[in-house]
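Student: The lines below spell out each chain.
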Amino acid sequence: MTGAMKWLRRNLFSNWWNTGLTLLVLFVLWRALPPFVDWAFISAVWHGEDRTACLGPDKGACWPFIFANLDQFIYGRYPADLRWRVDIAFLLGLAGLVPMLIPRVPAKVWNLGYLVVAWPMIAIVLISGDRPGLIGVDTDLWGGLLVTLIVAITGIVASFPLGILLALGRRSEMPVIRTLSTIFIEFWRGVPLITVLFMASVMLPIFLPRGLHLDNLLRCLVGVALFSSAYMAEVVRGGLQAVPRGQVEAARALGLSYWQTMGLVVLPQALRHVIPGIVNTFIGLFKDTTLVLIIGLFDFLGQVRVQLSDMHWSTPQGAATGYVFAAFVYWVFCFGMSRYSAFMERRLNKGRVR
Amino acid sequence: MTKSPIIEIAHVDKWYGDFHVLKDVSLSVAEGERIVIAGPSGSGKSTLIRCINRLEAHDKGRIAVDGIELTEDLKRIDEVRREVGMVFQQFNLFPHMTVLENCTLAPIWVRKQPQEEAEATAMRFLERVRIPEQALKYPGQLSGGQQQRVAIARALCMNPKIMLFDEPTSALDPEMIKEVLDVMVGLANDGMTMICVTHEMGFAREVANRVVFMDQGEIVEEAPPAEFFTAPKSERTKAFLAQILRG
Amino acid sequence: MAGGKQATAKRAMRWSWNDPHLRSLIWQVAALAAVVAALWYFAATAHENLSRQHIATGFGFLQNTAGFGIVQALVPYSEEASYGRAFLVGLCNTLLVAALGTILAVALGFAVGIARLSSNWLVAKLAAVYVETLRNIPLLLQLFFWYFAILQPLPGPRESLTLLPGVFLSNRGIVMPGVGLTGTSPAFLAALFLAIVASFLVTRYAKARRMTTGERFPASVVNTVSIIVLPGLVWLIGGAPFTIDHAAMGKFDFTGGWRLLPEFLALLLGLALYTAAFIAEIVRAGIQSVGRGQTEAAHALGLSNGQALRLVVIPQALRVIIPPLTSQILNLTKNSSLAVAIGYPDLVSVFAGTVLNQTGQAIEVIAITMGVYLVISLATSLAMNLYNARVAIVER
Numbered sequence: 001m002t003g004a005m006k007w008l009r010r011n012l013f014s015n016w017w018n019t020g021l022t023l024l025v026l027f028v029l030w031r032a033l034p035p036f037v038d039w040a041f042i043s044a045v046w047h048g049e050d051r052t053a054c055l056g057p058d059k060g061a062c063w064p065f066i067f068a069n070l071d072q073f074i075y076g077r078y079p080a081d082l083r084w085r086v087d088i089a090f091l092l093g094l095a096g097l098v099p100m101l102i103p104r105v106p107a108k109v110w111n112l113g114y115l116v117v118a119w120p121m122i123a124i125v126l127i128s129g130d131r132p133g134l135i136g137v138d139t140d141l142w143g144g145l146l147v148t149l150i151v152a153i154t155g156i157v158a159s160f161p162l163g164i165l166l167a168l169g170r171r172s173e174m175p176v177i178r179t180l181s182t183i184f185i186e187f188w189r190g191v192p193l194i195t196v197l198f199m200a201s202v203m204l205p206i207f208l209p210r211g212l213h214l215d216n217l218l219r220c221l222v223g224v225a226l227f228s229s230a231y232m233a234e235v236v237r238g239g240l241q242a243v244p245r246g247q248v249e250a251a252r253a254l255g256l257s258y259w260q261t262m263g264l265v266v267l268p269q270a271l272r273h274v275i276p277g278i279v280n281t282f283i284g285l286f287k288d289t290t291l292v293l294i295i296g297l298f299d300f301l302g303q304v305r306v307q308l309s310d311m312h313w314s315t316p317q318g319a320a321t322g323y324v325f326a327a328f329v330y331w332v333f334c335f336g337m338s339r340y341s342a343f344m345e346r347r348l349n350k351g352r353v354r
Numbered sequence: 001m002t003k004s005p006i007i008e009i010a011h012v013d014k015w016y017g018d019f020h021v022l023k024d025v026s027l028s029v030a031e032g033e034r035i036v037i038a039g040p041s042g043s044g045k046s047t048l049i050r051c052i053n054r055l056e057a058h059d060k061g062r063i064a065v066d067g068i069e070l071t072e073d074l075k076r077i078d079e080v081r082r083e084v085g086m087v088f089q090q091f092n093l094f095p096h097m098t099v100l101e102n103c104t105l106a107p108i109w110v111r112k113q114p115q116e117e118a119e120a121t122a123m124r125f126l127e128r129v130r131i132p133e134q135a136l137k138y139p140g141q142l143s144g145g146q147q148q149r150v151a152i153a154r155a156l157c158m159n160p161k162i163m164l165f166d167e168p169t170s171a172l173d174p175e176m177i178k179e180v181l182d183v184m185v186g187l188a189n190d191g192m193t194m195i196c197v198t199h200e201m202g203f204a205r206e207v208a209n210r211v212v213f214m215d216q217g218e219i220v221e222e223a224p225p226a227e228f229f230t231a232p233k234s235e236r237t238k239a240f241l242a243q244i245l246r247g
Numbered sequence: 001m002a003g004g005k006q007a008t009a010k011r012a013m014r015w016s017w018n019d020p021h022l023r024s025l026i027w028q029v030a031a032l033a034a035v036v037a038a039l040w041y042f043a044a045t046a047h048e049n050l051s052r053q054h055i056a057t058g059f060g061f062l063q064n065t066a067g068f069g070i071v072q073a074l075v076p077y078s079e080e081a082s083y084g085r086a087f088l089v090g091l092c093n094t095l096l097v098a099a100l101g102t103i104l105a106v107a108l109g110f111a112v113g114i115a116r117l118s119s120n121w122l123v124a125k126l127a128a129v130y131v132e133t134l135r136n137i138p139l140l141l142q143l144f145f146w147y148f149a150i151l152q153p154l155p156g157p158r159e160s161l162t163l164l165p166g167v168f169l170s171n172r173g174i175v176m177p178g179v180g181l182t183g184t185s186p187a188f189l190a191a192l193f194l195a196i197v198a199s200f201l202v203t204r205y206a207k208a209r210r211m212t213t214g215e216r217f218p219a220s221v222v223n224t225v226s227i228i229v230l231p232g233l234v235w236l237i238g239g240a241p242f243t244i245d246h247a248a249m250g251k252f253d254f255t256g257g258w259r260l261l262p263e264f265l266a267l268l269l270g271l272a273l274y275t276a277a278f279i280a281e282i283v284r285a286g287i288q289s290v291g292r293g294q295t296e297a298a299h300a301l302g303l304s305n306g307q308a309l310r311l312v313v314i315p316q317a318l319r320v321i322i323p324p325l326t327s328q329i330l331n332l333t334k335n336s337s338l339a340v341a342i343g344y345p346d347l348v349s350v351f352a353g354t355v356l357n358q359t360g361q362a363i364e365v366i367a368i369t370m371g372v373y374l375v376i377s378l379a380t381s382l383a384m385n386l387y388n389a390r391v392a393i394v395e396r
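Residue numbers (this note's numbering), protein chains in the order written: chain X, 1 to 354; chain F, 1 to 247; chain H, 1 to 396.
Hints are computed from structural coordinates only; laboratory data are not their basis. Just so it is clear, the structure is predicted and the values come from calculations on it, not from any experiment. Don't take every hint at face value.
So the derived label-pair ranges between C-beta atoms look like this [to be verified]:
1) X:Trp84 x H:Thr133: 48 to 56 Å
2) H:Leu74 x X:Leu212: 40 to 48 Å
3) X:Pro79 x H:Asn64: 42 to 50 Å
4) F:Ala171 x H:Ala99: 32 to 40 Å
5) X:Trp259 x F:Ile68: 19 to 27 Å
6) X:Leu165 x H:Ile196: 49 to 57 Å
No residue lacks a Cβ here, since even glycine has one placed at the ideal position from N, Cα and C.
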């Protein structure tokens, strides 16, 4: 017992100032936590078929609202009988992602090629049904987590090659290339994402030839990809700077050309350094997908809001329940990814090569 | 019948901005010769040998390697780099590749050799530097001396006519210097043309045909080792020798 | 000795792919040509599309009448004002929320960042929970939470909560006593300004004196007195420099005083709390980056805790903190554009929202909007680069 007492004395009550702080914090927690726990769990409604279950005084969170609308939160208005295609696309992606994340699994280059080139094409075909033999599903019907993941993943995947080229361009010795790259990067990093989305949604059609019509989601993806490539370029540039100059010298001394040096020696080393940066960019992008609401697309948060305005489920606690649920889902994703990023950073700092 | 020198450096000047780092340097190296370049730090010795494979560009004068003029012409630079191997003070092994992959990279991508042939050559040279068993390890797993020997093998896998050494043992712990020097002595005995920038005077005495003393960007004196160490002509050489041979 | 570049003979460019100058030139010309070609193509397509749809071009629209009201206007504005004036109103609203948000976020961020390193386990853990929670929930969601879940469900003006005497909170926002200027205001402010300038000079004098003679001059006392006395004299002589305009309850709502809109409050709170979480991490990393050896060396030299902190730790920590901190402040400014989602009339909401809808001139409006943010971003980056260059720790 004395071990615990000692710990308490040292960490919580070491002096008057600390004691006061501890008591203050405990007071705040006592006032804030029990009501929340009560609302979310104890007084909450867990079963029900429609809004009547959640009506009435002293009712807490309305969880049936979440359970009933879960499909919409995930797929949007995607036809129910065709959702298996989305599921398969998602599983194929997961099958490629999990081995990529585990450092010990070999053949990383093939893995990356699958994830970045092959899988997106398969997924697009599966989800949009844009092939003879498959029923097409209009992008207007896509919503919820499906849209969130599509925007975030496309953003990262599309910005990756462009970001690498921009980073190389920014470090180039040719003044024109360097200036063009710098202008491009600083432009997209200097403007808010909302203006980019407005630009993509409202302004882009003006610049497209008459016959070419891109739907709203596609325009949004173009904007997100361009926006994200500037941030990716800075992340890759940091990685390039971390590769010692001697590596380039050794490669050149062996007779390798510029592109051979970059591709075989510099970039593989640089990219290891940028993995935490890429994950952090993805986390940011994942959170930023919520903004597509403003140009009329329905991501996960947007879909929650849509269901909230559905009269079928209008309840006093509905809004709070919906937002708390959405916050929780986002938090789980983002926190999980940031833990992974920290894990990779620790691993790299240990100086391990593989 | 005297063959023309394999390296010709004629009246070479180089500036870093206003700093005159190489002052009217001339040097001729015959095939099979072993040259040791010594001198205080900042004397331009590293800069000089880095000009030989165009890691640095000379501003004035002429450098020719195996008959190929070193100019801005990229094709000629590539030809020269294929004939000249370099070993760096910091080893500069590629940490994301195994030892074997480090050695086969250039033969496969530059000389376009098939992988099997490149690997066979690599194993041969790894045996020559006496670490064939480390072939599948990563540089991070090797000691400094082992890494430098791999670096030597990597350079040899391109079958160069000339080997440049830029202070190859300066970054090594004392107990590992000998293993690297032994490899270099073996190379010399096999007739490789070598130019070494080094502080290891024992190596110079054993292997060098000529010792070149550089100070403040110019060649002050050059002589065979016996003469250089026992009867230096210039005051500067004497001062330098007094410094490094003491203790 | 003349520079080497002049001594080198200028080599004539050879028409060979192996000449690096030629190769570099070709790459650059090709890149430039590609960019120019793309821009030309897009400009031509846009021109054709615009003229086909009979959409006006040019910036003349800025003088047209706006015809819509704006709930919060820091400069005089009415429905008869021009679009250009509406732009200005939106811009001021953006700058207001960005400036106040920055102050709050930095203050809170530093507090939480230091709390993370507290020896009190509870405080440190709570700070960690704060950071990890707010960083991983999208800002838009947090704004919705503040606006829809906290501010809108508040009671109406008749049942306002009293935060402080004269300050009332309801679902229409916060109403507080307004401050107006009088005749004495300019003199008062001038006196205050002079007192502050004087205090800087006094502090410099005191420091110089301490350097040469070692004697300490009671600068802080003198400064405090002068800042109180000088403007105070103006007050006594000229009368009160401010008038207070109390808010009074009207038929349905307060009149008079100053009003902070619920949209403004939600945006301010959301931005400040969200950005503070990131700033807290930056501050924590900055303080931790100063190795313990620095504090030990300072103590070994006889410096007190406070002196070690002020003279050794904080200057080094600040060098590490300030670049990413500037980045976060920029993010806050850009994130203020989320105002459009909760109806706060910021630049994007007013200009790229309402004005664009009314005029249809997408290219001009969006270009101007992006231009404003670009100017803010570049100015901040430039300032930060200058600061970095000045304080960079000189290395070999």
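Student: Would you mind marking each hint as holding or not holding in the structure?
Tutor: Evaluated hints:
1. X:Trp84 x H:Thr133: 48 to 56 Å: Once the Cβ atoms are compared, 36 Å apart, the range 48 to 56 Å for Thr133 of chain H and Trp84 of chain X is violated.
2. H:Leu74 x X:Leu212: 40 to 48 Å: The hinted range 40 to 48 Å holds for Leu74 of chain H and Leu212 of chain X, with Cβ atoms some 43 Å apart.
3. X:Pro79 x H:Asn64: 42 to 50 Å: Cβ of Pro79 of chain X to Cβ of Asn64 of chain H: about 46 Å, so the range 42 to 50 Å holds.
4. F:Ala171 x H:Ala99: 32 to 40 Å: violated, 53 Å
5. X:Trp259 x F:Ile68: 19 to 27 Å: With a Cβ separation near 23 Å, Trp259 of chain X and Ile68 of chain F satisfy 19 to 27 Å, so the hint holds.
6. X:Leu165 x H:Ile196: 49 to 57 Å: For Ile196 of chain H against Leu165 of chain X, whose Cβ atoms are near 52 Å apart, the range 49 to 57 Å holds.
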